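Q: Each chain, written out:
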Amino acid sequence: MIELKGVSYSYPNGNKVLDNIDIRIEKGSFTTILGDNGSGKSTLIRHMNGLLKPSQGVVSVCGMDTASPADIWKIRQTVGMVFQDPHSQAVGATVEEDVAFGPENLALESDEIRLLVTNAIANVGLECLEDSLLMSLSGGQLQKTAIAGVLAMVSEVLIFDEVTSMLDSDSRSQIIDIVRQLNKRGNTVVYVTHHMEEALFANRVIVLENGSIASDGTPRDVFREIYASGRKVPPHLELAFRLQDAGMISPDVFPMDALSLKEEICPSR
Amino acid sequence: MRLLEHCRKKGADQVEGFLFSYVAGKSVLHGLDPRVKILSVMCLSILIFRSSTLVDLLVFALLFVGLTILAGSGLSGIRSVRPLLPIFVFIFLIHSFFTEGAALFNSQFSPTYEGFLKGSLVTVRFVLLILYGSLLTSTTRPVVITAGIERILRPLPLRRVGVTSFEIATMMSLAIYFVPHLLWYAGQVKDSQLSRGSKYRRDPISGTLSLAIPVLKGSMRMADDVAMAMESRCYQGNFRTSLFELKMTARDVLVCSVVLGVTALVLYA
Amino acid sequence: MSIEVNGLHFSYGKGKKRLTILKDVTFSVGKGEFVGIIGNVGCGKTTLIKHLNGLLVPLSGNVTVDGLASSKKEVCRKVGVLFQQPSKQLFCKTVFEDIAYGPSNFGMKGDELEHCVHDAIEKVGLSSDILGSSPFSLSGGEMRLVALAGVLSSSPDYLVLDEPTSGLSTFYKERLFRTLELLRQNGVGIVLVSHHLEDVLGVADKIVYLNEGKMVFEGTPEEYLSSLSFPAPEITVLMRELSSSGLAVKKTVFSVEDAFNEIVGALSEKRG
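Residue numbers (my numbering), protein chains in the order written: chain A, 1 to 269; chain B, 1 to 269; chain C, 1 to 272.
I should point out that these hints are in silico values taken from the structure, not numbers from a laboratory. All values reported here derive from a predicted model rather than from experimental measurement. Where hints are given, some of them may not hold.
Unchecked claim - Distance windows between CB atoms, simulated: (1) B:Ala-269 with C:Arg-18: 33 to 39 angstroms; (2) A:Cys-128 with C:Glu-74: 23 to 29 angstroms; (3) A:Asp-221 with C:Gly-125: 30 to 36 angstroms; (4) C:Glu-269 with A:Val-253: 51 to 57 angstroms; (5) A:Ala-67 with C:Arg-18: 35 to 41 angstroms; (6) B:Met-171 with C:Phe-171: 37 to 43 angstroms; (7) B:Met-171 with C:Ser-28: 40 to 46 angstroms.
Glycine is no exception: its CB is placed at the ideal position from the N, C-alpha and C atoms.
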């Protein structure tokens, strides 16, 4: 689906943000990119739909090179992106209008746009707010609108750039549910975050540190590795790993949350 | 947070009440093509400004009442005049006092009879303009007005000055979200400055200046973010379609020719 | 010497549209005390914060800082506030100017100012190399620490932080808490408002729990955790579950370390 080969990127002032990155994103996968503030996560994914062009190396989406101007719009339609700040990606006055923005740019007929918009809005559960002015919505609702906006473009790959970092915990879990649903329905998902809890649902985790890949593997392997290097992992995982190391619970389990850990420690009959 | 949401909602309500008093309905006026309505409001404005007696204006007032009943959108239009009331009073007083003529009262500084007449004429003209404008906005969704303006502008040679009609229309819809959001942002910066000892309360002028610059810069950063979001949703600016496709019906053509005919008759007969 | 909040009420709007945001909130923050305020979105946390340094004036009840009414202008120097979104409270051309904004408003100049800024950036654990760059070229974590330095440079007696850990990765989070601990040792009263329970419970001396603008609880973290009706951290939920299915563990534990010891103890006893 998406392939990055030897990608490096430097700012015009010479600061190197990405250093020789190789990543292949498979169709239908759910990849989480984990990294600290300033590790180059956002810069990395902006290469995936041609918003940024690599200083060195090649990025290709379904065989199309992001550096070729002829394919750029096709690439951006294939790879939809939702950004961090819910307030600075609103491009219309009402929900409906904002969601229609993408398909309108693709110059589709109005009946077709209507169908796409209605579907996309239903997929994120905003049916009752279709006509609302965006400025009357909460951060979580705006973020759902933004997701509907990329869905309406029928993008195959969806990239989420720290979409929950400015939201409260309730909207956060709603958004994560939506993202997981979309992946189940066949969308390829690249999910960028610094919340380790949000990386548990992925089938692959890539850890980015100072512009290069520090680890890459299943959540289980990667979290083990992080834990082994003495850094923090989500509390219930840390507890699980410690109990495993002490031989108290089976070394094979990877509990998704506190309750599944409880089942391991003390199974209910 | 709730207060904040409340303020945003309140801002939204104000903008909604003032500019976008759209009331859903199925009247003839609702059904007309926005281009016809925009054109009619323009023609009516010309006629109102050409009329020189209060009796002429009475005709327009009666026409307005008739159209309002036809639209069935109630008194939402009247409300849009309210915020402008102080300005109307000001205009009226200026004319009453500063026009030469026979004094109404026997004092050194008195309104004149001629001034009174002229003041009423000018004020009524403005009120009527606003009312007809609000008749347009109360029977047409903002999105559709934008689409109408875009279609009216499309044949004009705007490309020579470096813009397209699509860009103008997009800017208009962006502004509906962006402007209130900017006010909210300004509030946040102001709070932060006040808590760090800004002299805003003691010296409002320099305080406002020291607020304006960061807000301006902030708005540019936000604009950058929005631009990126738009680009990633395939916005090119030179051609796009609309969710609301406009189609002229026989009725539209009829209304259009009647309005144009009457205007031409009044102006040149 | 303390911040005293007494029977604070606040509502917005009139008539039918009236929206009550705070109802009868009463608590105090002493020097060197660490108060954690817990509450969900919409519980009125942000409104409460604005009352603590006089941005809002109480409609009824009162807020005093070291005996002064919160509307007095000295109060905004005594109480520093770190708002939720750092990108909306940094507004100067360079990091230096931003950190210097507070003290220079309070009349500090020249070498003293320079010294003060360097001092503040050191306190939050950032290098003084970034002083010349634009605050908006920094990463989210650095931005927040710079915003904190901008508050600390006026050397406030009390520090109020609104969701300071949201959007912050572990690395910067640890830095932030190191700074807060240092401040507390120097006698600064700290109010930390957050819905991340683990962050608050580990460090606070006192917990205030707000629900829909009403103060439902005030007490120690231990007391907070023993009540079953309040939101609890993941580990505590786990411990409660374990306890109710018959394992002899303490239910008020929330740190991984304590939970581990409890579970190992209970399991080895059970397995004999």
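Q: Could you run down the list of hints and mark each one as holding or not?
A: Here is how each hint holds up against the structure:
A hinted range of 33 to 39 angstroms is violated for the C-beta pair Ala-269 of chain B and Arg-18 of chain C, which are about 58 angstroms apart. Between Cys-128 of chain A and Glu-74 of chain C the beta carbon distance is about 49 angstroms. The supplied range of 23 to 29 angstroms is therefore violated. Under the hint 30 to 36 angstroms, the C-beta atoms of Asp-221 of chain A and Gly-125 of chain C, about 32 angstroms apart, fit the expected range. Between Glu-269 of chain C and Val-253 of chain A the beta carbons are some 22 angstroms apart, a value that contradicts the proposed interval 51 to 57 angstroms.
At about 58 angstroms, the CB distance of Ala-67 of chain A to Arg-18 of chain C disagrees with the hint of 35 to 41 angstroms. As the Cβ distance of Met-171 of chain B to Phe-171 of chain C is approximately 41 angstroms, the hint placing it in 37 to 43 angstroms holds. With their beta carbons about 52 angstroms apart, Met-171 of chain B and Ser-28 of chain C fall outside the hinted range of 40 to 46 angstroms.
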